[in-house]
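Enquirer: Sequences and hints are given; from them, build the entire structure.
Number of protein chains: 2
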Amino acid sequence: MVSDRIRHTVVFTLIHQIGSDREDDFLQAAQQLAAIPGVEAFEVLAEISPKNNYRFGLSMEFANQAAYEQYNAHPDHIRFVQERWLSEVTDFLEIDYAAR
Amino acid sequence: MVSDRIRHTVVFTLIHQIGSDREDDFLQAAQQLAAIPGVEAFEVLAEISPKNNYRFGLSMEFANQAAYEQYNAHPDHIRFVQERWLSEVTDFLEIDYAAR
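Sequence order for the protein chains is V and A. Read in our numbering, the first sequence has 71 at position 71, and its numbers run on one by one without any break. Read in our numbering, the second sequence has 135 at position 35, and its numbers run on one by one without any break.
Treat each hint with caution, since some may be false.
Label pairs and their in silico Cβ distance ranges [said to hold, decoys possible]: (1) Ile18(V) to Asp104(A): 16 to 22 Å; (2) Arg184(A) to Ser87(V): 24 to 30 Å; (3) Pro137(A) to Leu86(V): 31 to 37 Å; (4) Gln132(A) to Pro37(V): 36 to 42 Å; (5) Ile18(V) to Thr190(A): 31 to 37 Å; (6) Ile18(V) to Val181(A): 27 to 33 Å; (7) Arg179(A) to Ile78(V): 17 to 23 Å.
In case anyone wonders, no lab produced these hints; they're calculated from the structure. Since the structure is predicted, the reported quantities are computational estimates derived from the model, not experimental observations. In this text, a Cβ means the ideal position worked out from N, Cα and C, and glycines have one as well.
Expert: Below, the structure is given as structure tokens:
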């Protein structure tokens, strides 16, 4: 990863049944975060390791800390967290990577 | 991520003092895993989120599950786990991503 770049990731599980329409609807809503300015390399992923209980992941990159903070403060991000994440995600862990 | 591709990641903390030579030596040894056949997009990363206690990460990609299993079974990987990982890593979590 290049010097100031940050890869923001979050693994999570949903309240919804596996393979359900509501699960799919949540993941489609999450995909919309890709449109927020500063978000690069956005991915909605399946988490497949048998060594943890998380089922999904989001991964995105920011050019620097300022772009990351702009994303966090963006109304579309805040709305997604308040209207979807808080009520539909049962467990999650945020992991952020930078070059060393 | 393309269909069969797997992104294998692990976040971890070390027994060593932050910024110490022994920490650096461990991370350099980890970097050698990149030479194992099938390993792509290998990265040794700093974990920078204040929301967890992990300090480092490894990220790599495999073309498919067979390449991932070949890596796991490779003598250089097994030796690294036995000679370094088990005695120098205090906490870790493996997270594997695939396309959905």
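Enquirer: Against each hint, give a clear statement of whether it holds in the structure.
Expert: Comparing the hints with the structure gives:
no.	hint	verdict
1	Ile18(V) to Asp104(A): 16 to 22 Å	holds (21 Å)
2	Arg184(A) to Ser87(V): 24 to 30 Å	violated (43 Å)
3	Pro137(A) to Leu86(V): 31 to 37 Å	violated (44 Å)
4	Gln132(A) to Pro37(V): 36 to 42 Å	holds (39 Å)
5	Ile18(V) to Thr190(A): 31 to 37 Å	holds (33 Å)
6	Ile18(V) to Val181(A): 27 to 33 Å	holds (32 Å)
7	Arg179(A) to Ile78(V): 17 to 23 Å	violated (48 Å)
Of the numbered hints listed earlier, those contradicted by the structure are 2, 3 and 7.
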